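J.: The chain contents come next:
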Amino acid sequence: MMKTHKFTVFVGAYVALTVGSICFSQKTIEAESSSAKARPSEPDIDPMVVKDRALKVLNTYCVSCHGPDKQRGDVRTDTLAELTGDARSGLLNRMHEAVRLKEMPPKGAKQPTDAERKLLDRWLGRELAKTGGGKLEEKLRKPEFGNYIDHEKLFSGEYVDLPGFTSDRRWLISEFIFDAKMQRILDVRTTGEWHGKRVSVFGGHQLRDLSLANPFLLPETSGVRYYAIEDLTGGHLSTMLSNAQKTSVYITETLVKDNRKKNYLPVVRQILSIEDQHETTLISRKQFLEKYIARVCENLYGDKNTELLPKFVPTKLKEKKKFSADDTKKDKPLPIAVAQNQLTKSGGWDVFQQAVLDPANADKTDQEIADLCERVWFYHGDFELDIQGRLALLRDYGSEFRNRVANEKKAKREIDKPLDVVEMQAIHAAIRKHRQHGDRYKEIIEKCVTGWEQQFRQDQINAGPPSEELYGKMINELFLHILERSPGNEEASQYLSVVRGYADKLGRRKAVQKLIQTLLLTSEFAYRGEFGVGEPDEHGRRMMAPRDAAYAIAYALTDQSPDEQLLEAARTGRLITREDYRREVTRILRQRDVYYRVDKNLADRWREGNTTNMPIRELRFFREFFGYPKALKIFKDEKRFGGDRLDNATNRLLEEADRMVAHILEADRDVFEKLLSTEEFIVYHDGDNERMRARSDEIKRIYEYFKDKDWQNFKMEDLTKKHADFLRTVTMRTIDPDKPNGRTRQGNMLQLFKKSMQSITNRMDDGQKHPAPFDLYRGYGNDFLPGYNVGKFWNHDLDNWHYEPVQPAKVLNRKGMLTHPAWLIAHAFNTETDPVHRGKWVREKLLAGTIPDVPITVDAVIPEDHNRTLRARLASATENDYCWKCHKQMNPLGNAFEMYDDFGRFRLVESLEYPEQLLKKGPEQNGDHLVDTRDAFKTLPVDSTGHLEGTCDVSLDGKVTNALDLVDRLAKSRRVRQSIIRHAFRYFMGRNEQLSDSKTLIEAERAYVDSGGSFDAVIVSLLTSDSFIYRKAIEE
Amino acid sequence: MDTSRRQFLRATALGAGALALSPSLDPLAAASREMGPRRFIFIRKSSGIRPLETALVDFSDREKKLDQDKQPLEVALDKHELPVWLRGLDQYKAQMTILQGLSAKMSENVHWSFSSVMGCFKSQRNTLSAIKRTTIDFELAKLFPSPFGHVELSFAGGRTGIVDGYSAPAPQTRNYCYADPETARNELFKSVLNPDAVTSDNDMLSFLQSREGMELTGIKGHEKKRQELHVGSIEAIRERNRKLVSLSDSLKKHVPKLSPVHSDGGPNASTPEKQAAMTDVLIAALVSGLTNVVTYTIDDLGTPITGLPGNETDRVGIHPLGHDEAFGGVPAWKTREQIRISHVKQIKTIVERLEKVPEGKGTMFDNTMVMYFPENGETHHGVGTESPFIIMAGRNCKLDIAGRYIRLPFHGTEGHKTLGNWYTTLLNAHGNPIEHYGDLDVTMQRNKLDQTGAIKRFIA
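Protein sequence lines, in the order shown, are assigned to chains A and B. Everything in the first sequence is counted per the numbering used here, starting at 369 for the first residue and increasing by one. Everything in the second sequence is counted per the numbering used here, starting at 273 for the first residue and increasing by one.
Read the hints as simulated data drawn from the structure, not as lab findings. Each hint should be verified, as a subset may be incorrect.
[Unchecked claim] Calculated lysine-lysine pairs in the DSS-like style (CA-CA distance at most 30 Å, straight line):
hint	chain 1	residue 1	chain 2	residue 2
1	B	606	A	700
2	A	1004	B	720
3	B	720	A	684
All figures in this text were calculated on a predicted structure; none of them were measured in a lab.
Generate the whole structure from the sequences, applying the supplied hints.
T.: Pasting the structure below:
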């Protein structure tokens, strides 16, 4: 275990920093640091003495509740000596955690002194170390235990002299880095949309059709998800083995053969060039023969060709049945389009089409055309079942198919395109050599191909193996391509020997594949290294190696490997000072000409937007910190939502939440405060104010034009003549006076016009200044901006939406991200709100508080009661002595959000959604996109009052009237600012903070304040801190 | 040349050794140690099975009314006549269950379900990120480990070679499957048919192991443990490959013989021929001990059907049939019935053949469950309120369901059970104590009805 991760019990009582403030009591511990200012080491006490003393402490404070008389929580400590194996280590671990985190003895019970607690902790740790079964240290490295380090001490200034550092380490790559690496290796180009134009983007996980499994998926929790605590396991390796095999084949079978990618692995291409050239030739000859062999043979053999073919045996078709009277009335013959599709799928359409297009066949009957096709298929050697299926279709649809071909504008007769003279000579020679009497064309092709394959193999043997030099170049090329470095001399020599062995056994292509697989399976591929180099300073610290630093900076801000400038800085000795770090970090933070996919999962289901030009990990910090992307995973009921296409609405909601965060980050002023309390949001808006306003104005114009006209009783002529000039100036889906036959599944042009006018009227007749610019009727596909139902999350009735075309804009009853529906849904259940987890989130993420896990003896369920609000039911379950000690840290915070329902909609009353409380069934969708389909239930008033405690600021702590009041206070809290900075530290460092990081945290906070609330300043401060740039060697 | 897809996937076929190494297959062998071997065969069909098609033809009036009104119902099969298409299994009524009334609304419905019908999540039209969890077949495979862990066979889309499957060994991970009998045979029995491929894998791993072992020098603490873990993982893979090679003699006895018509994907093999050959491979994989869990997509809407009785010379499309569009003048419902009959024939073959293989004090079938079900529910355009299962289970089955037609309370009503309840039942009965498998049903939630956990009355 690394010394720097050890913890000892905090000795001394909690001391509030702010004079006069009453801070919420927290369970915290103190991190030990190997610093110069560390406390004197423990005296080396005889272990037997420690044991005796520890057992005495145990007997004094624990056995009365966990002994022979009582076993609270089914725990008994007095029989510890009798336990063995898992039972013993399990109990020791529980005790260790309870002692270290001060969970026991419970509040109100007699407490051990700090020295006694420390002694017991130490003994328990030693006992666990004997069997290697200790779990606490590992647990405390996890992000969810980050807050157990005393907050006040971290920011007190008392520890700023402790030198910051991170231990030398390897950090398992994240799912995002894996995607980026594989996209780079496979030369995958992804595009996205940015302000209306297509741009090349980094990110996403579309790796062609390889279906690579990502072995490095991160946990789906809110908060910091990517930590340097995971190990590469057999599971990762097994998945990578499969990935490596797929990848190696794809590289050698497809990518290096792609003539559009001449610069892709040129040495591999050179080594495989003979094989590739042969394969290209083979493909070309085969493709040619597949199309034209009949004509080639006719030319070669003249009249004798027919004699050489096998005797034609016509296919016997089963007679077509007629539906009997007993058959269901629903049965019908295949529609012509389906029948054509069937013929195409069975491989028969092309021959039929060519036969019909041949003028020589113009006078032939349908049967004669079918016979002609059958002969073509028969002589070619097509499979009997295929021929049968095709002929059955020609029998039933022959003349309709002919009409279709005649009406197909793109259908053209195929003209022979011979290959060059040399190739044609080779083909003619092969046919003459291999053709035998009775062969079908397919058999001739197969024989020719086999002959050419044999010849090419011999040519390859005659050419000899590649030179050692060429192999050496290839090894270097693949090292650079996969591991992004050249091999050392010894390494290169070992790999050369292995590659030659592979090649001797398996041939060149397989040898290259094995080499690629080997490199992809190395631990170097899966881990990012961060090690110090050079002479250690007086604290034993060394600066990160420049190459490691380049990667550390790149991966801190993006998922990509370092760009050329960063690598150049590392190569040329310009990444060795704090200023060097500052220069590069600042450069990347300001870069705006690189685009990133924001959310790969969202990209799977949502093709709109989802692109950013700020370094992706800056934006991702807040996505993960707030945890709102989880809204995608919360399964919601469309009926309760009040409309369909909920998926689209949720996707838009999430994308707009991202853009709102990005908007605040882009301004980079008072970032935390704005994120917590802004009144301006983005709702159904693509970021282009001009476009949105123009469309909204257009709808308004249509309304103004028609509102006083009797459009309800219009006839088609009204559209095509009387109002045609106006209609030509506006966009109304499917309404085009010059195309009166236009229709969709929803009706003809006149019907659609009336539908659209009804929709427009509903949206405008309450004096709305601007209508929301969504589609005018509910059809398939979208003509403007999908996800219109997003308005429902924000309490906008679709038929009474006072839309704001210029955004971000103020939305009633909302302030900051914690009132954004995406956050509220992400922290809710499928059908109910979740005040406990909302409160827990605030406590842990904003107030740096700690809340223990739910005890295993507690069945945490909110009782059902059809006549009470959720808040009341929760109170009845938690407001008792036992539960309240933890729930008082959550419920009073989470209850304030009861002013929003589980869809994030503002509310004054809570619906009692039980069958017996139903007042009125909601309408069905029935094609009307403005309808609200919700059922109406009896309601009770919502109580959104709450209580804030834990800001350590008397002016902020206290009763809150609702969530808006709460977030206002949180936004003003220094503790909240510090808490966000602590999470940012964890995110960028990949570990929990310790007391030696105190200076780093204080400076990050100062940078934020001095810069007027710039998050960029926080990042620069963190990535130029001692904690980031200095590394210490790992000790045993 | 169409190298890109088919040949590429064929070439990337993992050797028999490597296939066993999916990360989700870490042995949770406790269940199998306690209850002995258990096998599960999931046979997925497309285009739904309509409620009337599972109804017993001689239901009493009362039973018929209950069934049609979707009311709970349970009758003994031995006192009733099976629907025509199920009569191939007449002699096995005692081992059969017709389970009707499970809902599958939490999975994808309408035409396709992709991974979701076996994972109880919305698959968002088969997007990778939507794969929320390990599918039920892989979960069961964890409980009963085997060299291959899990095998997926498929005729979906009329493809051949090794292609994407529908099962998921882990979240956001798509399995592959063998799409024609010849490929399935060659890949499953690769260690016998092509031992060089396995050897070359091990050569590579050996080199890798020695390289990574060298990295151990000079590192300390946690990094050293990490590296040891990595080296150990490579060794574990090599060891499992070695074990598989050592099984060669046993495997040789079970390599199925295939007719030449199945060469190169079997383009001229009729559907009955293909199905029979795939069934042979499936049985061989079980009997040889290569796997204990098989998922077999016997068709999907893109599978071409040829040589079917009544439509012998037609090339039938399942999608048009689902829209009642007929081929060769044969009413669509009749062709659909013939398709189901061809499926039942495969199930019968599996049962018969496994019954002939001794195991313990009985036969291999005693320890086997065959589950046949539509991927999308109750019709061609499934809505997910009824997702029927036909189950054939041997005498050691851990569930108390045999010999019955069981209709569960309808969706959204008290006592209703979802696909998630059914899969939870399978897992609980076989050693995985999971509280509930799969996403919850929103209608049940809205109606405030209990819907988590196993179907307790099914657990013997």
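J.: Please flag the earlier hints that this structure goes against, numbers listed from lowest up.
T.: Structure breaks hint 3 only.
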